[in-house]
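Undergrad: Sequence:
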Amino acid sequence: MEDKSREVVMAISNAARYMDPFFKLTAMGTVLLIQYFARMVKEKKLKVTEFTDFQKFLKATDGKYDIMNVPEIPEGQLSEELDALGIHYMVLPDLEKNDGMLQVAVYQPDRENFGAWYQRHILSQMTGGEKDLQQLKNLTSGKTTIISFPLEEEEEVVKEDFEKMGINYSQLPDLHVGDGEIQVVVANADLPKVESWYKLYREDLLKKGMIDVPAMKKMSMDNYMQTGQQTEAEYIDTASPELKAANAKYEGKQKGRIEQQIEAAEHNAMRQESSTAYLRYINDPSYIPVSIDKRTLVEKSNVINKDGLERYNQFSCRIPGTYGKNEKQLVIPNEQVFEKQNGSYIAFLQKDESPFVFDVITKQVDHEMRKLTGEEFVKRYFDKVDKIKRDILTLYRADIMKHASGYEIKVASIFDEIPSQLQKHEKKFKLSSISKEARLRDYEDALFWLEDAMIVNICYNSTAPSIGLKLNMDRMTLKCYMADTGLLISHAFDENGIVSEELYKKLLFDKLEVNKGMIVENIVAQMLVASGHKLYFYSCSCREDKEERMEIDFLIAKSKTSNRHNISPIEVKSSKNYTITSLKKFIRKFDQQTNIPYVLHTGDLKEENGIVFLPLYMTPLL
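Counting from 3, one number per residue, gives the positions in the sequence shown under this note's numbering.
Bear in mind the hints are in silico, worked out from the structure with no lab data behind them. Misleading hints may appear alongside valid ones.
In silico EDC-like links for lysine to aspartate or glutamate, alpha-carbon gap of 16 Å or less [said to hold, decoys possible]:
no. : residue 1 : residue 2
1   : Lys426    : Asp606
2   : Lys219    : Glu244
3   : Lys586    : Asp606
4   : Lys608    : Glu550
5   : Lys99     : Glu74
6   : Lys536    : Asp444
7   : Lys220    : Glu244
8   : Lys246    : Glu45
9   : Lys391    : Asp295
10  : Lys220    : Asp192
11  : Lys432    : Asp444
12  : Lys330    : Asp361
13  : Lys353    : Glu377
14  : Lys430    : Asp476
15  : Lys432    : Asp454
16  : Lys46     : Asp361
17  : Lys49     : Asp112
18  : Lys99     : Glu83
Turn these sequences into a full structure, and let the hints steer you where they fit.
TA: As C-alpha cells, this is what we get:
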C-alpha cells in the first residue's frame, strides 16, 4: 500500500509539468482532476487502477480531451460501439451512481465521430412526452424545433400544461443536470402555443417577485449536444454527498504548491484563442465573434472593471462610437472572451440574445441597446468601425494630394502598393511594380513624406549588424509597413467596400486566402515602433554560399551599447509549424555581435539553446 501511496504522490508531482505561466486552460483543469483523483485514492473512494488508467489516457492523448455526459448505457455496449468506430476515449470514474449518467473523456480529434454516435445514442434515450420522438417525426414530417426552458425543477408543470393544450412534444434527456435548463422537441405547428404559454408563465413569475427570468431559447441539435460537455470542475461537482464529504477534508487547509499554482493561473490567465473552449465557440453557429482592440476599447476607457466587475467574472469594454459622458460598456461573461496572439481580444455574443450594455456614468443598464439582438448589435456598433477606418483612408489620400506637393502622384502610388508588397514572401518594397523605370532615388522623398506623416513605418536593411545599425543602413533595400494594422486590413480589402463581419471572421480564424504573415509582421513592426525602436532587418541573398543566405525580420539594439553583443535578431512566425534556419545562421555568423535572439510566435514562452521564444503579445516588452 505504501508503494501505491508513493505512486499517487509522484503523480501529483508530475502534474507540475503543466504549470508554466502560459499554460492552456485545459491543463489547469487536468491538474485539478489529477489532484482530485489523488485525494479520492488516498480516502479509498477510488481504486488506484482508476487513477493510473486516467494517467495513461492523459499520456496517450497529450491531455487533449473533452468530458461528455452520456445517458447510461448497458455494460459492454459503450465500449463495443465506440471501439468499432475507432474512437479514443476513457470512461471516467462514476462519481454519482444514481444520476443515470456516465462521464466519458473523448480524445478531441475524435469528437466528430463521437458526435455522430452521441446523437444516435441520445435520441434512442428519448423519454417521450405526449409523443415519443419517432411518433413526433412521423406526425410532423420531421418539422420540429428543439426548445430550451429554464424549468429544470418544473418538468411536471411543463408536462401537465402541454397535455392540456394539446401540444405535440417529446422530452430530450437532460445532459447537464443542475444548469436549470430542460430541452424538449416541439412540433413546429405548435410553436405559437408554446411561445404564448411561456410568455404567460414568465410574466407570472415576474409578478411573484422573481428577477430576470430567462427567455426560452431555440437551439440546434449541435447546440443541445454541447450542453452535455463538462469541464473538469463540473465533472467533480457531480460527485455523491459521500465523495464531496471526503473532498471537503482538504478544503480550508493550507494550499499545496500545485493548488497555489492553479489558483494563481486561474486568477491571472485570460483564456487563449488556442484553447478548446475557443474552438467550440468558433464552430457554434448561435454565436457571433467580436474583435475588441485592447488599447482603444479597454485601456483607453472608463472601464467598469475598475469598479470591481472582475470579481463577478465579467469582462467589459467600451462600445465603439461612445465616449466620455456618453460612454457605454459591453459586459460579457469571462468564459466568452479570449485573448488573441497580439494581445487584443475576441469575444463571442449570442446572435439571438440581447447583449448586456451598461451606462458608465449612470451605472444603469441601457435598455435601448438591449432591444437589439447580439447580431444586430455587432453590425451596428462594431461593423461601424470599418466604415470609420475607410473614412480615415480617404482622408489620407486627400491629404496626400493636398500636402505632398510636387510628388503627390509618387506618394499615392507607394501608398496604394503597400498591401500587395507586404503580401510577398520577402516583403521588400520593389518599385518595379509601380513602374519599370522607377528608381528609389526618385521616390525617396515620397517615402520620407509617408513616414513623417506617420502613415507608414519604414524598415531598412542593415548590412553589418554591429554597434550602430544606422551606420550600415542600406537605404535602397527596405520594407514599408502600415503604421496602423487595422487600417492595413481595410486598405488590403479596399475593393470590397465595408469589410463585413463574415470576412473579418474568416480573417481572424485563419480561413481566408491571405498571407497571415503580412498582418502579424505588421503588428510586430507597429509594437516595436510604439516601444521606441527604430526598424531594421537583415537580408543577404548570396547565391554562392548557402550559409550566407538568410533573412531576419527585425534587428533591435540594446539600450546600453557595449563593445560586443549589442544586437538582438528577431524572427516572426505566424504559423504553428516553422523553421528558424536563418536565425541559426545569423547566430553562427554574428556570434560576437549577437545579444539575445528572439522568435515571436503563436506558442508559449520558452527558451531553447539560448533562443528565447516569446508569445506575440509580449513584443512590447522587448
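Undergrad: What hint numbers does the structure not satisfy?
TA: Hint check: 1, 2, 3, 4, 6, 7, 15, 16, 17, 18 fail, others pass.
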